[in-house]
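Peer 1: Chains as they are written, first to last, in our numbering: chain A, 21 to 398; chain B, 21 to 398; chain C, 21 to 398; chain D, 21 to 398; chain E, 21 to 398.
In short, the hints are calculated from the structure, not lab data.
Some hints here could point you the wrong way.
[To be verified] If the Cβ cut is set under 7 Å, some of the chain D residues that face chain C in the computed set are:
1. P68
2. R90
3. Y297
4. L309
5. N320
6. N335
7. A345
8. I349
9. G356
10. F362
11. T369
[As the list claims (entries may be wrong)] Here are a few chain A residues that sit away from chain E, every Cβ distance over 10 Å (derived from the structure):
12. S53
13. Y66
14. R75
15. A103
16. P190
17. V241
18. M338
19. G375
Idealized CB from N, CA, C, for every residue including glycine.
Listed below are the residues making up each chain.
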Amino acid sequence: MNRGRGRSALRRPRTPSTRKVGLPPGTVLYTGSAHETSHTVDLIVYGPDGCLHRRGIPIEEALLGHDDGRVRWIDVVGLHDAAGLERIGEALGLHALTLEDVASVGQRPKMERYDDYLYLVMRMITSHPTTAATQPLARGATPPRLPALDDEQLSLVLSGSVVVTFQERPGDVLGALRDRLAAGKGRARSLGADYLAYAIVDLVVDHYFHVLEQLSDALEVLESTAFAGARPRLIDDVHVLKRDLLHLRRTIWPTRELLSGLLRDDDDRVTPAVRTYLRDAHDHAVQVLETVELLRETTNSVHEIYLAGLTVRMNEVMKLLTIIATIFIPLTFVVGVYGMNFERMPELTWRWGYGAVWLVMLTSAVSMLFWFRRRGWL
Amino acid sequence: MNRGRGRSALRRPRTPSTRKVGLPPGTVLYTGSAHETSHTVDLIVYGPDGCLHRRGIPIEEALLGHDDGRVRWIDVVGLHDAAGLERIGEALGLHALTLEDVASVGQRPKMERYDDYLYLVMRMITSHPTTAATQPLARGATPPRLPALDDEQLSLVLSGSVVVTFQERPGDVLGALRDRLAAGKGRARSLGADYLAYAIVDLVVDHYFHVLEQLSDALEVLESTAFAGARPRLIDDVHVLKRDLLHLRRTIWPTRELLSGLLRDDDDRVTPAVRTYLRDAHDHAVQVLETVELLRETTNSVHEIYLAGLTVRMNEVMKLLTIIATIFIPLTFVVGVYGMNFERMPELTWRWGYGAVWLVMLTSAVSMLFWFRRRGWL
Amino acid sequence: MNRGRGRSALRRPRTPSTRKVGLPPGTVLYTGSAHETSHTVDLIVYGPDGCLHRRGIPIEEALLGHDDGRVRWIDVVGLHDAAGLERIGEALGLHALTLEDVASVGQRPKMERYDDYLYLVMRMITSHPTTAATQPLARGATPPRLPALDDEQLSLVLSGSVVVTFQERPGDVLGALRDRLAAGKGRARSLGADYLAYAIVDLVVDHYFHVLEQLSDALEVLESTAFAGARPRLIDDVHVLKRDLLHLRRTIWPTRELLSGLLRDDDDRVTPAVRTYLRDAHDHAVQVLETVELLRETTNSVHEIYLAGLTVRMNEVMKLLTIIATIFIPLTFVVGVYGMNFERMPELTWRWGYGAVWLVMLTSAVSMLFWFRRRGWL
Amino acid sequence: MNRGRGRSALRRPRTPSTRKVGLPPGTVLYTGSAHETSHTVDLIVYGPDGCLHRRGIPIEEALLGHDDGRVRWIDVVGLHDAAGLERIGEALGLHALTLEDVASVGQRPKMERYDDYLYLVMRMITSHPTTAATQPLARGATPPRLPALDDEQLSLVLSGSVVVTFQERPGDVLGALRDRLAAGKGRARSLGADYLAYAIVDLVVDHYFHVLEQLSDALEVLESTAFAGARPRLIDDVHVLKRDLLHLRRTIWPTRELLSGLLRDDDDRVTPAVRTYLRDAHDHAVQVLETVELLRETTNSVHEIYLAGLTVRMNEVMKLLTIIATIFIPLTFVVGVYGMNFERMPELTWRWGYGAVWLVMLTSAVSMLFWFRRRGWL
Amino acid sequence: MNRGRGRSALRRPRTPSTRKVGLPPGTVLYTGSAHETSHTVDLIVYGPDGCLHRRGIPIEEALLGHDDGRVRWIDVVGLHDAAGLERIGEALGLHALTLEDVASVGQRPKMERYDDYLYLVMRMITSHPTTAATQPLARGATPPRLPALDDEQLSLVLSGSVVVTFQERPGDVLGALRDRLAAGKGRARSLGADYLAYAIVDLVVDHYFHVLEQLSDALEVLESTAFAGARPRLIDDVHVLKRDLLHLRRTIWPTRELLSGLLRDDDDRVTPAVRTYLRDAHDHAVQVLETVELLRETTNSVHEIYLAGLTVRMNEVMKLLTIIATIFIPLTFVVGVYGMNFERMPELTWRWGYGAVWLVMLTSAVSMLFWFRRRGWL
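All chains, please: the whole structure from these sequences, using the hints.
Peer 2: If you want it as structure tokens, here you go:
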């Protein structure tokens with residue numbers, strides 16, 4: 021069960037900490053565990069003509085000249101500094117409840133429409149691949165290890181030509197997008213802030229495929245293990261995998277709703293060109309969801325196969341016991357009879373008594389064996 | 021099963037007492053068990069400029085000057101005095117069916133719109149934390165105890181600038197709100213009676229998180245117990261936990277509907293500013309519901325793991341029995357053979373007869389052991 | 021399984037008798053079993069000023085002066101007289117299909133709108149309380165008996181100021197209403213025929229609470245029995261209870277639809293004042309339905325607990341067998357060895373041979389016991 | 021498993037034969053097995069004044085004078101003659117796809133609206149009652165036999181005042197209707213072709229009740245068998261019954277949709293008078309569906325009861341084994357001890373040695389029995 | 021588990037390869053495994069008057085004169101050449117995302133509407149029939165083999181009078197359509213490009229029937245095997261079959277949605293004449309889906325029957341063991357008693373001692389046998 025700390029984060033349901041109960045609504049209080057890092061603000065400004073990447077600047081500076089027609093992506097990393105967050109919120113004109121949700125990192129994915137901006141909550145799920153043992157039952161080998169999942173909240177605010185993202189910890193799944201913006205490849209720099217928001221959502225969803233692929237690999241190993249024979253802890257791994265899939269489903273389901281909400285949207289924040297891309301991302305989310313369901317059903321099957329295998333093996337054990345006992349217990353009785361010390365036991369003095377007893381016993385044993393064979397027990 | 025009296029309240033489904041069958045509709049009859057306390061009326065009057073808290077006053081006095089622009093929160097505690105309730109209802113202009121629902125404390129959460137007022141029924145669920153044993157299988161230790169839940173009906177009437185709450189017993193989850201009103205912190209005093217109603221609902225919902233966290237802790241202990249080995253009464257605890265979660269679900273599901281009903285509402289009782297907060301509370305209810313579902317699925321998993329563990333252990337027991345019996349029953353037969361008292365048993369007089377028998381028996385036992393090992397039974 | 025005849029009525033699904041197949045639609049044919057009683061017509065006429073109760077009058081007389089502004093409740097008991105029913109139908113102006121449904125007593129609850137009248141089918145379910153044994157496992161005590169359910173169809177026609185009810189047998193759950201009308205208490209006499217119809221529906225629904233309470237009591241006894249240990253017939257009782265609950269659900273579910281249909285109704289047969297009461301009855305039906313679901317889930321839990329208990333006990337039985345066999349079978353082999361009659365067995369002549377064998381055997385037994393203890397089997 | 025050929029027809033899912041894959045849409049090809057009969061056309065012409073029944077006439081003759089205001093019911097039996105069907109289709113003006121569906125007898129019930137006519141597909145399900153054994157466990161008695169189901173497609177075309185029905189084989193459930201038309205009883209002859217179509221649908225649905233009643237009887241026998249004890253093949257019968265019910269559900273569910281489709285219909289093919297009757301038939305279909313669901317749940321219960329019974333009996337078997345082994349294996353060890361041949365075994369020469377051993381053994385056995393009794397094993 | 025490579029394609033969920041994560045949207049990258057073939061373009065041009073089939077031509081040539089009123093079907097086989105695909109896309113005016121979906125061969129079936137064309141994704145599923153063993157339990161026979169499924173993506177673009185299909189590998193299920201076009205039979209050549217698109221979809225759906233029939237045959241063999249007795253690997257085959265059915269369901273469900281989307285469609289791409297055919301194809305998809313569900317339920321039943329059979333057999337094994345042990349263990353004790361060597365055992369010297377012991381033992385054994393018989397164990 022040594023799954024690392026990423027696991028324990030999943031085991032607990034995502035409930036706001038009890039410390040928050042009783043505080044007035046709109047209170048900005050970080051409920052996560054990443055307290056070590058102070059928050060930093062990165063800025064990427066780009067247009068069709070170029071792209072500028074500045075790191076670790078104050079939020080006010082990041083917003084300077086935000087109406088020059090270029091798209092700015094402000095990336096805030098680290099959420100435990102409530103005062104800092106409130107300052108950022110004020111600069112961006114965010115509602116108190118939005119800030120509370122940004123800091124309460126146990127949110128489920130959702131989209132909220134405010135007068136001035138669109139607020140999205142996503143969850144970045146990453147997995148740490150482990151060296152999966154491919155030989156299912158090699159004696160003494162370490163059992164195949166499940167990938168450890170890591171779950172981090174990613175909030176996104178789309179306000180005019182500005183996209184702000186909030187993360188708990190440094191490191192994310194958006195590196196490829198930053199590279200694309202820097203290189204100016206694809207459509208990335210020619211479309212507006214709505215395309216940037218889409219691209220971020222798309223990367224998060226695409227990463228779910230990656231996670232699912234690793235879970236699928238682990239499940240395949242479990243499956244062939246279950247087919248091959250019993251491993252005592254198999255059921256525990258199946259249980260953990262089931263929980264991971266449940267967690268993924270709980271994450272991806274509202275993500276899909278978020279995307280279909282964006283698609284149904286009638287205001288002008290999302291341009292038709294980007295809408296086509298959103299439909300694509302929505303399809304991906306549906307596909308991820310279906311894969312999760314498939315894996316869940318397969319997990320249940322593995323559970324059932326394992327249990328059926330246990331019963332089959334129990335049957336074999338009992339058959340062996342019954343065969344041995346059925347053959348030898350009567351024989352032991354027979355030899356016990358002639359071990360009695362009665363003074364008058366005529367058989368004991370017969371010339372062929374001993375041989376006759378052997379004959380009787382062999383006949384009995386052999387006919388038993390035949391009977392077992394005919395019943396298909398041997 | 022020593023869970024205290026809070027448990028037994030949950031075990032029985034919330035059905036109006038049979039004493040009520042046959043009474044005309046609109047009959048005010050308290051169906052709960054808190055008969056000891058006479059009812060008391062508390063009043064909190066506040067506006068942006070100040071807050072006044074008066075305890076134990078007559079209902080008529082509480083209503084004096086209710087149209088002075090200030091918000092009044094009238095808190096009625098104790099419902100078994102039908103005449104008193106009817107007097108209160110008359111003073112507030114409540115429908116007979118509303119009063120009946122106030123006193124019939126087995127209601128499910130709901131919202132009802134009357135011409136003059138809005139009537140909400142909520143359920144305050146609190147849990148008594150117990151010292152959960154963190155070591156799952158310490159020999160002789162008392163098993164981890166589940167938190168005992170307590171369920172109390174909270175009725176709320178929102179009529180103009182007056183909010184009236186009805187509770188069965190003193191003690192509730194609203195202390196934090198009273199403190200906030202007294203201190204004047206946050207938005208509490210600047211918004212109207214609809215915000216007050218929201219704040220009460222929000223605290224009730226937030227408390228569900230607290231309860232869920234304790235159930236989640238208990239479940240985690242049960243889970244590791246199920247992983248670690250068999251505890252005979254585990255299945256009972258799982259069952260009780262499942263019922264608690266079922267009860268929570270039955271409570272929270274209509275609470276969510278209540279909130280979405282308030283959100284969809286088109287009349288002017290709820291102002292747009294408060295509507296944003298209600299959306300937040302609705303999100304919380306959805307989140308609670310999801311957590312309940314997650315815990316329910318985990319509970320089912322624990323049940324399955326426990327049963328699978330039983331089968332695995334049964335397999336081991338049977339294997340041991342079969343190994344012992346398979347090795348020794350034939351040997352016992354062999355020694356029985358040479359315990360027979362036939363006069364003519366040539367082997368008995370051979371010089372190395374005794375040693376040969378030992379050799380045969382050892383060979384048989386060792387080859388059995390090898391066979392078992394090759395089949396993976398050892 | 022001695023549940024009385026009320027049980028057998030439930031066991032069979034409510035299908036119209038095969039005798040009816042092939043008859044033209046609209047044929048009035050009683051399909052129930054209450055053939056002994058001839059039908060009787062009772063009449064209650066009331067207004068705000070008074071109430072008159074006449075028994076056993078002809079139908080034509082009951083309808084005399086039906087437009088005098090007073091409400092008349094005509095109660096027809098006994099349905100096996102097709103000619104009589106048709107005469108009643110003619111007097112009331114009922115459609116042939118309505119009369120067929122009145123006589124086919126296997127109908128599910130429904131509401132049908134005709135041009136001149138509203139037709140409701142309800143089911144009155146009553147239970148015969150039995151002395152439930154409260155001590156779950158007292159040796160030799162009779163097992164707790166489940167309440168026997170009785171199911172009777174109640175048809176209701178609301179036509180202008182006339183309400184007609186049709187029942188199969190004398191005896192119903194409406195006595196309280198008759199008393200209220202006679203006493204003139206509550207709102208009963210001041211509102212119109214629609215209120216009377218509501219009051220009848222409300223009493224039928226309220227009685228479901230009563231039935232559920234008795235089933236809930238029986239389930240509680242079963243539950244503690246399952247917790248306490250195995251009673252061989254427990255599973256049968258659980259099964260019967262499950263079927264009763266299924267039957268209740270099948271009855272109450274369409275009753276709820278009937279009520280929400282009445283609520284959604286836009287014609288003027290139901291006045292707004294009565295509509296508020298109907299909403300209350302609808303809430304009750306929802307609550308009953310939820311309780312049924314809760315009891316069903318609990319029933320499933322009891323089933324699971326019982327099965328898990330069986331497995332736990334099986335484990336214990338097998339452990340005992342294995343412990344005894346593992347300790348004594350090797351010892352029996354040892355003593356068998358020294359019961360052999362070989363001429364040359366040096367140990368037999370050793371001075372301390374006998375004592376040494378005892379020492380070996382005791383050591384083996386004690387170490388086995390330790391090993392079992394360490395594995396937690398003892 | 022000797023269920024006759026009606027069974028095998030059900031076992032295979034209703035898929036169009038593979039011979040059809042690749043043929044162009046609209047190809048008329050009979051996919052059933054009733055190839056022996058050539059097709060015949062029967063005609064019933066009726067009006068309020070009289071009814072004429074002609075058998076075995078050419079299709080053209082059957083259509084002569086179809087606009088004389090009288091209703092004609094043309095019944096085509098035998099579908100394997102593609103050319104004949106196409107001729108009929110041409111005479112009636114049917115679409116190629118309609119003819120294809122008529123001949124492809126694996127259709128699910130459906131209604132299709134064409135410009136000139138309404139096309140309905142129904143399934144006539146009949147059961148062959150078998151003499152159900154009422155004594156569940158009489159030794160050596162033949163097990164109760166399940167009724168064999170027979171499933172035949174009935175297509176219906178309603179075009180103006182003409183109703184055409186297509187069947188595979190002679191023999192149907194519509195005899196009662198023909199008699200009614202001939203006798204002129206009921207409303208049969210006074211209403212139009214839409215009533216005729218309704219009457220046919222109604223008879224088909226009513227026959228489902230008949231089938232369900234027989235399945236219900238068989239299930240009741242299985243149920244009491246499961247309660248009474250284990251019959252090895254019970255589980256197979258339960259499985260076959262489950263499949264029959266599944267098949268019925270698959271048939272009746274779309275039939276209900278067909279009926280509600282007819283009810284929702286806004287064109288003038290169905291007159292309001294007939295619509296009232298259709299509502300009745302729809303109610304029947306709903307009731308049949310509910311009964312099927314009830315029987316399905318009961319079937320599952322029987323399965324569970326059977327399995328639980330197996331486990332209970334296994335427990336009893338193991339208890340007996342354990343009791344016998346626990347009492348006698350230690351005793352056998354004791355007597356084995358004093359069967360050893362050591363030269364120096366002081367007990368053997370004691371005066372009361374033999375009696376003392378008996379005393380020890382009896383004490384041990386009796387205390388074991390007490391212990392088992394206290395644990396409730398005896 | 022030797023199911024060929026078609027199996028492994030199904031085992032993995034259809035996720036876009038991880039190589040794609042991070043690439044910009046709209047990147048054309050083939051994610052399948054058919055890399056060996058270079059792509060080829062085939063063209064079929066037809067009108068009512070004739071049909072021309074050209075193979076292996078450049079895409080530009082295939083499009084020449086595409087507005088001459090004739091229908092052209094361009095079939096592109098082989099998708100791994102990204103540059104080639106992009107050239108084709110440019111010639112046809114396809115959106116970048118369409119091209120991406122064409123090459124990402126893990127798509128679920130869907131329909132997408134673009135301004136200039138309609139884009140459909142289908143999945144062609146074929147099965148390799150294997151010689152199914154019809155004798156379920158012939159000793160030593162090879163177990164019945166399940167058919168291996170093969171799954172290939174078929175993209176279809178309908179743009180004006182041009183239909184373009186994209187496949188991964190040569191070989192498809194559309195041969196019959198090509199023959200029909202060449203022969204000019206049926207309606208094939210007289211209707212437009214929308215009918216061609218319909219005909220392609222229809223053939224793909226019809227082929228699902230074929231696949232289902234083979235799975236159904238395999239399931240029937242498994243079913244009778246489960247009825248007949250235990251085959252150890254049965255559960256594995258059931259599991260594989262369940263997964264195949266799950267895969268089919270996941271494929272056919274969105275195909276049905278695709279078809280109902282086309283039916284609901286209001287633009288003029290699909291003519292009313294073709295719409296009637298589409299309704300037929302939709303019916304087929306519904307029927308396939310129902311058959312899949314039926315097979316899934318049957319699969320679950322087989323699983324349950326197999327498990328129940330295991331338990332029944334375990335019961336029999338345990339009964340035999342218990343009977344043997346219960347009869348002989350006490351007897352062995354008795355003979356052990358008289359094998360003791362006490363000096364004073366009076367019975368040993370009795371004249372009829374030996375015979376009396378035999379009598380006691382026989383009586384005991386016979387009465388045991390009677391008792392077992394009365395309990396139904398023999």
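Peer 1: Hint by hint, say whether it matches the structure.
Peer 2: How the hints compare with the structure:
{"no.": "1", "hint": "P68", "verdict": "violated (15 Å)"}
{"no.": "2", "hint": "R90", "verdict": "violated (20 Å)"}
{"no.": "3", "hint": "Y297", "verdict": "holds (6 Å)"}
{"no.": "4", "hint": "L309", "verdict": "violated (11 Å)"}
{"no.": "5", "hint": "N320", "verdict": "violated (10 Å)"}
{"no.": "6", "hint": "N335", "verdict": "holds (5 Å)"}
{"no.": "7", "hint": "A345", "verdict": "holds (6 Å)"}
{"no.": "8", "hint": "I349", "verdict": "holds (5 Å)"}
{"no.": "9", "hint": "G356", "verdict": "holds (4 Å)"}
{"no.": "10", "hint": "F362", "verdict": "holds (4 Å)"}
{"no.": "11", "hint": "T369", "verdict": "violated (13 Å)"}
{"no.": "12", "hint": "S53", "verdict": "holds (27 Å)"}
{"no.": "13", "hint": "Y66", "verdict": "holds (14 Å)"}
{"no.": "14", "hint": "R75", "verdict": "holds (21 Å)"}
{"no.": "15", "hint": "A103", "verdict": "holds (36 Å)"}
{"no.": "16", "hint": "P190", "verdict": "holds (18 Å)"}
{"no.": "17", "hint": "V241", "verdict": "holds (12 Å)"}
{"no.": "18", "hint": "M338", "verdict": "violated (5 Å)"}
{"no.": "19", "hint": "G375", "verdict": "holds (20 Å)"}
Going through the hint list in order, the structure does not satisfy hints 1, 2, 4, 5, 11 and 18.
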